[in-house]
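**Student:** Let's have the full structure, built from the sequences with the hints guiding it.
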Amino acid sequence: MKQIFVVISVLTSVCIVLPAVLVMLFSDSRAATDLAVDHVTEDQEERAEEEVGKEEVEEVFVPVYRDASETVQEVELEQYVAGVVASEMPASFEMEALKAQALVARTFVVKQMENEENIQLPEGALVTDTTSHQVYHSNEELQELWGSDYDEKMERIQKAVYATKGEVITHEGTPITASFFSTSNGYTENAEDYWANELPYLKSVESPWDQNNSPRFTNTVRIPVSDAEAKLGVSIPATEEFAPITERTEGGRVQEVTISGETFHGREIREALGLDSSDFSWHREADELVVSTKGWGHGVGMSQYGADGMAKSGNSYEEIVAHYYQEIQIENHHSQLAQYALNTVEEDE
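Residue 69 in the numbering used here sits at position 58 of the sequence shown, with consecutive numbering throughout.
Please keep in mind that the hints were generated in silico from the structure rather than gathered at the bench.
Mixed in with the good hints there might be a few duds.
[Stated by the list, open to error] Derived DMTMM-like pairs: lysine to aspartate or glutamate, alpha-carbon spacing no greater than 20 angstroms straight-line:
no., residue 1, residue 2
1, Lys-176, Glu-85
2, Lys-242, Glu-299
3, Lys-170, Glu-99
4, Lys-122, Glu-342
5, Lys-170, Glu-151
6, Lys-122, Glu-87
7, Lys-122, Glu-89
8, Lys-122, Glu-85
9, Lys-242, Glu-282
10, Lys-214, Glu-203
11, Lys-164, Glu-89
12, Lys-176, Glu-99
13, Lys-323, Glu-217
14, Lys-242, Glu-296
15, Lys-164, Glu-152
16, Lys-170, Glu-89
17, Lys-242, Glu-267
18, Lys-176, Glu-70
**Tutor:** Pasting the structure below:
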């Protein structure tokens, strides 16, 4: 009887103690698991913070040749883009047009980064601050130009730049030659009709917004015959219709014109005489040439006044660039820019 009592006592103790032990074991296990999860989460958060910090540290600088001072100035990429947009497009333009210009400006300079060996510039420079590349003004210069309007205008510019930060326009994964100009004649120009090299994303498209949106859609100038002869290197016949234009491009600009047996490309005439556009008509009046132009700029790529017109019609910046550049994508190039920054640091070392 005594033995039975002992056995019962032992079993009772086991029944009481075992659950408590199991609870303690599982509690410790859960605590250990929770601790491990917390540790992993903290590690992940730390790595994420490190990656964010890394992106912030890896700034990309653009070496800009400042024409006035004849020096090279290192400008942070997005600051450079803002300085270009502020210099190349009125800050009063629609926000989507400003975004499109920011995207185009960034694409232009990223393309230069990838092809800098082909650029003939002073040592250490990637671009100039003139129309040879993109017009650029620093914040100090813009403050002087804009005066009391600086804060309001710059806020709009920076908003457009920030909205497109890191984005570039690509064709088959490569940044495009993002050419742009002020005002079309109603159509943009095929790249091969102005520069001789064909590019699949720079084709003639309609741009009907310019006519009612641009103050320089048409223009007429009078040029002394003697000046024109000196600049073109030909003798101009003393007749009203001295050189009828017989061939035009798909975009409506002068393809070729013959003067006294000498054939000129429309671009040659435009550049020699300083015309707004290569879409021109002309005639002679006494000792002057009367030249009427339509559009302003070379006509290849994005029309800025056309972009503003599209924005006023409700188009987004993505739709604007997709209209003026064909077969393109908008991609984020943070990794490529970071690699450029790394290569620049290694070269400096």
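**Student:** Taking the earlier hints as the rules, which of them does this structure contradict?
**Tutor:** Result: no hint breaks.
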